[in-house]
Amino acid sequence: MAAGFKIAEPLEYHRSFLKENCRPDGRELSEFRTTTLNIGSISTADGSALVKVGNTTVMCGIKVELTNPLVEAPGKGFIVPNVDLPPLCSSRFRPGPPGEQAQAASQFIADVIESSEVIQTEDLCIERGKLCWVLYCDMMCVDYDGNVLDACIIALLAALKNTKLPEVTINKDTGSTRTSFCVFDDSILIVDPTAEEEGLSTSHLTVVTDEKERLCVVHKPGGTPLSAEKLQECIGRATARQREIQKLVDKVVHSVKTAQ
Amino acid sequence: MPTDTKRVRGPEVSQSPTLFLCKHAAVLPSHGPRADGRQRDQVDVRPVFVRCGLVSQAKGSAYIEAGNTKLMCCVYGPREMERKDETDMKCGKLTTDMRFAPFSCLERGSWIQGSQDKDLSLMLHESLQPAVCLHKYPRSQIEVNVMVLENSGSVLAHAVTCASLALADAGIEILNQISGLQSDGEMTEETLTAGVRTCIEGCYKLYPVIQQALTKAVRRAAPPPSES
Amino acid sequence: MSPMKLCVPGDKLCSTEDCIPGTGIYLRHGCIYSSLTGYVLKKNEGEELPVISVVRETETQLLPDVGAIVTCKVTSINPRFAKVHILYVGSTPLKDRFRGTIRKEDVRATEKDKVETYKSFRPGDIVLAKVISLGDVQSNYLLTTAENELGVVVAHSEAGAQMVPISWCEMQCPQTHSKEFRKVARVQPEFLQA
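Taken in order, these protein sequences are the chains called A, B and C.
Counting along the first sequence from 1, when you hit position 133 you're at 133 in the numbering used here, and nothing is skipped either side.
In short: position in the second sequence from 1, add 1000, done, that's the numbering used here.
In short: position in the third sequence from 1, add 2000, done, that's the numbering used here.
Relax, there's no trap hidden among the hints.
Computed, partial: chain C to chain B, Cβ under 8 Å: (1) P2009; (2) G2010; (3) G2024; (4) Y2026; (5) S2035; (6) L2063; (7) F2098.
Source of the hints: derived by calculation from the structure; they are not laboratory data.
C-beta: ideal position from N, C-alpha, C; glycine also.
Pulled out of the complex, with its shape left as it was, chain A reads as follows:
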């Protein structure tokens, strides 16, 4: 009977849970799903990471190539992030060129990289005006169960940490970023939404902070308005999440290093 209710009246079904301050999967409103991380699993990529946030799985592979810098920016290299949501990861995506959501996600990641200065593009220059690195960061969603942006950023970060530039090695991990993803359903705030929750919510908010707990990006595309206190609450939660993820990434990177 509960299952019937869920399919027939999904919104009512979720509201009945939120009234009790819990969610259909047993989490509290501000609880994240278990996050696991695995790096260096793809040998054909120069750096790779696989992240699972609950069911959501994102794989990031980084390919490093050489190219000429632009004439207008002779001292800069390139970072080319792309997010792909293939039809494999959910029935909502069709084969063919990337849809709006994938395009928006790619652009969002590009903005995050630029504003957070995870990597300074100057560091990717080998010889001014002549030769520089280009990092192709391809993030692919393998299982879409909400909150892909979060998973993409974790995967990107971990993969970057895993990347080794051949020949000329350059120190590149400068700043580090973390996103947190909050969703509002009739002014109730939940974090780390599943695909189902994402579909039913009225507004989305993404907060990106760096390792010094500075705010990098706040992204809220439309939807219902949000009070200043709620925003503060989100940012607070985001910084807490940032520390958790930082710890996880460091631990995994360390364990891989010792294993070698």
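For chain A, the structure is supplied; the task is to place chains B and C on it using the hints.
Frame of chain A; chains B and C shown alone:
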């Protein structure tokens, strides 16, 4: 060259640094064991790891790892047919899509599907079509999506194995499990038949692995129904 | 009870002389083979031979078939028909949504010419219906509610409250006590929701 406005674009040309490394021209040894120590002309298949039911959103899914080749397959459906035409109202339609992740090969691939992907999709379709009981799914389509995460040879063969696993995991009625093996090289008629024979032998070796993975997935998904 | 036997597609189960074929299997050369991964189930149904089938966790019926009772949600209406999404076949939920159509003349069994679709359904209603045809190239599944047990089971009033049925063609809102027209189903207890 058409510009791709739907993705973040990089510089127009770039080369992989591996091109500049001086490497020994890879020559396949004509006798003796293969480069990775396996025997030639024998059923010496790389160790295979298979799992079913990994993707939460899909009806059925499978992951296969053979040596360094890693691929995933998801099955969606049966769902309503997107494009209807007169001919296949009585039975269902099978669609296949096979893609390489850009980081799966030594050379970075583009996101745009090349002709190779389309060829492989078609070949995958041809291998699966006879096995699926499409007449049991009128007016609907079954989608098979394969993603190559890492390519280190025999992708098509493993894609076939993986896809049939995912179909079985999805509960789509199929006549038999299919598995594939690939053998490459210039072939004369005798070596071709010999090659086919070794492949078939190898496939037999794969069956127990496949069976085990499937039964494991079913056991995990559901307890045995009570006999009533 | 001994653990039930598991089989994978292509497994030979028995000869056609030993069992009557059920579901999840196929016949070839006088033998019964499995076409699903699942448990082998043998049932004696009063006849000499047991019925053999292969089952997974629940029922394997995946697609709406002619004669099946389906639960659906009304998505849009116009004077000629109502469009619905099929959510359930029997008691098995469908993973992907299938669309169906209830034509005006299939809403009820009597006085077909007087049927007005907007007095029978509203978008958002949960309706029990029966599949009468798989449809042709242009149309979707054709459904009917022309039975006492079929029709609207759950409906919300304009005020947003869930309404209670008061007759076979009217429902009442518990908040505003306003009445709205519906083709109401005489609900059997097992389909009652919420």
